[in-house]
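Chemist: Just so you know, the protein sequences line up as chains X and E, in that order.
Each residue of the first sequence is one higher than the one before, counting from 827 in my numbering.
Each residue of the second sequence is one higher than the one before, counting from 827 in my numbering.
Derived by calculation from the structure, the hints in this document are not laboratory data.
Check the hints yourself; a few may be wrong.
One copy or two, either will do: identical chains are not told apart, so a pair holds if it fits within one copy or between any two.
Here are the simulated DSSO-like cross-link-like pairs (lysine-lysine), alpha carbons at most 27 Å apart as the crow flies [said to hold, decoys possible]:
hint	residue 1	residue 2
1	K931	K888
2	K998	K937
3	K888	K909
4	K988	K946
5	K1041	K888
6	K909	K947
7	K955	K931
8	K946	K909
9	K861	K909
10	K998	K988
11	K861	K947
12	K1041	K931
13	K861	K888
14	K931	K1096
15	K1047	K1032
There are 2 protein chains.
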Amino acid sequence: MNLAQKLGYPENTKLLIIHADDAGLSHSENQATIKALQNGSVNSYSIMVSCAWFYEMATFAKTNPNYDCGIHLTLTCEWENYKFGPILPITEVPSLVDQNGYFYKTRSDFKNNAIPSEIKKELTAQIEKALQFGIQPTHLDSHMCSVGVTPEILDIYKDLGKTYNLPVFINKQFVESISLSDEKYNFENTLLADDLLIGYFTDFEKGELRNSYAKALDNIKSGFNIFLLHPAFDDFEMQGITINHPNFGSEWRQIDFDFFTSEECKSKLKENNIQLITWKEIQKIN
Amino acid sequence: MNLAQKLGYPENTKLLIIHADDAGLSHSENQATIKALQNGSVNSYSIMVSCAWFYEMATFAKTNPNYDCGIHLTLTCEWENYKFGPILPITEVPSLVDQNGYFYKTRSDFKNNAIPSEIKKELTAQIEKALQFGIQPTHLDSHMCSVGVTPEILDIYKDLGKTYNLPVFINKQFVESISLSDEKYNFENTLLADDLLIGYFTDFEKGELRNSYAKALDNIKSGFNIFLLHPAFDDFEMQGITINHPNFGSEWRQIDFDFFTSEECKSKLKENNIQLITWKEIQKIN
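Kindly generate the complete structure, drawing on both the sequences and the hints.
Modeler: Printed below as a string of structure tokens:
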């Protein structure tokens, strides 16, 4: 039986989770995520425990357990002026931070410095903090897919999923595309998302990001699909956070918000017979 | 000799520092502070090491050492959804945090829980972190004047000033007005600001905040005066931070920004023969 059948749908159903990354990053990201859940087509999000606006989003998560809420495990911080780092004391996880005590900006600096035992310790602390706050997480995923850089780190991530009985988001093609290792990944006995739908910078540059989302929904295949977006408002705060970083920048995030709260998106889901599913359903049968 | 004379001015000069609190709190606060320094009448600010936007402001401080930059020692967090806490691991300073690991919201919860040795440890860490970042601080002051709640805590603050050879901001009347202790303060051998000029909620509520600032400049007395303001933009981020807290809320902070970058303010300073001075000058003769 494939995932669709296990969930009670016909074998060739186009399953989709529409998932908002980066909740907790900023007020703008939080409020756009909340609106996209309440009024849009987004049905899942994940929360960054390391960020200053975690508390606001955690409060929403506790009072709105009807939405999928994952933990967006964080080991990198890509922004120029807005910094975050481990929730553990940096003396406990020194290999995860730069000279200022913040996470490295790139997956490659992270990969070249991070010691696996410290990665495991920090990610465990992030999950535990979310649990202490009363969040009931539905899944795990990873900021900038930093857990995908080597098979060893991906195994830590998969093990955390087993330990906490939470499905983990993995797309084989995406992990392999960002890999920084020559070693082979072991995807056996792992639930894999068949297709990862995500925006591309080339489309954004051409002003085609919104259209690319519409097309992706038109071309969606049967199987387990995940649409990853980053809804936020193109406001002063997000412009400050994403300065000099148009890739997944504030303008991009506004487009994400606009499309996934649009009537066009709702119609596309209907026209294409797309079946929205949740991590919660997957958790039950996993 | 009084302070004016020590600084080379006539005895009865109206000395004034126009000081912006809370830099580092948010992008809005940072950018408004920077604009108020560069284009307005503000000539001093202090930075919150515990906050998410510290890095952006610290970068400004390092590249713009011409402005007074103090360390805004932080032991409380008054906001509902936007939280910060110690920079030390909370296991080292457990008496400073609530059940979620953040600073207490009120001076009174802080006073009832905080152990003096932990206060000293955390404040030292905040100063050390600023120094490590390459900031050359010109003075110390305190968020919500939490160091003023008891004579014992005020002494820690004064001692830190001596240790780091930094003048500390103290106004006797203000400290006594927020005191939570029956014991007497010892202000001997302490440089005191004669008058603290600050906005009041009653004026804000009546729509008279801006006028109260203009009047305060008209009525300024000779001596060592400090105007405390909190410039920020009344934008989505600051509205999120200051939600349900109109006292020093985002609307208030926009008024602070508007007045202290206005021509009216500049004229008032001139008309009233007010002499702007800096903590840097005071540091030299202290």
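Chemist: Within a copy, between copies, both or neither: where do K1047 and K1032 come within 27 Å Cα-Cα?
Modeler: So K1047 and K1032 pass the 27 Å test inside one copy only (25 Å; across, 61 Å).
Chemist: Regarding K1041 and K931, is the shortest C-alpha distance of 27 Å or less found within a copy, between copies, in both, or in neither?
Modeler: neither (32 Å within a copy, 49 Å between copies)
Chemist: Classify it for me, K861 with K909: is the Cα-Cα distance of at most 27 Å met within a copy, between copies, both or neither?
Modeler: Classified as both; 25 Å inside a copy, 22 Å across copies.
Chemist: How would you label the pair K998, K937 (within, between, both, or neither) given a Cα cut-off of 27 Å?
Modeler: So K998 and K937 pass the 27 Å test inside one copy only (19 Å; across, 54 Å).
Chemist: Quick one: K861 to K888, C-alpha cut-off 27 Å, is that within a copy, between copies, both, or neither?
Modeler: Within one copy only: 16 Å inside a chain, 39 Å across chains, cut-off 27 Å.
Chemist: Measure nothing new, just compare the shortest in-copy and cross-copy C-alpha distances for K888 and K909 to 27 Å and report within, between, both or neither.
Modeler: The answer is both: 26 Å in one copy and 17 Å across copies each meet 27 Å.
Chemist: Given identical chains, is K1041 near K888, meaning Cα to Cα at most 27 Å, within a copy, between copies, both, or neither?
Modeler: neither (35 Å within a copy, 48 Å between copies)
Chemist: Give the relationship of K946 and K909 under a CA distance limit of 27 Å: within one copy only, between copies only, both, or neither.
Modeler: Both: 21 Å inside a chain and 26 Å across chains, each within 27 Å.
Chemist: Tell me, please, which holds for K988 and K946 at an alpha-carbon limit of 27 Å: within, between, both or neither?
Modeler: within (13 Å within a copy, 43 Å between copies)
Chemist: When no copy is named, should K998 and K988 be tagged within, between, both, or neither for a Cα gap of at most 27 Å?
Modeler: This pair counts as within: shortest intra-copy Cα distance 18 Å, inter-copy 59 Å.
Chemist: At most 27 Å between alpha carbons: which applies to K931 and K1096, within, between, both or neither?
Modeler: Answer is neither; intra-copy 39 Å and inter-copy 48 Å both fail.
Chemist: Check K861 against K947 for me: Cα-Cα at most 27 Å, and say if that holds within a copy, between copies, both or neither.
Modeler: neither (34 Å within a copy, 42 Å between copies)
Hints 5, 11, 12 and 14 from the list above are not met by this structure, while the remaining hints are.
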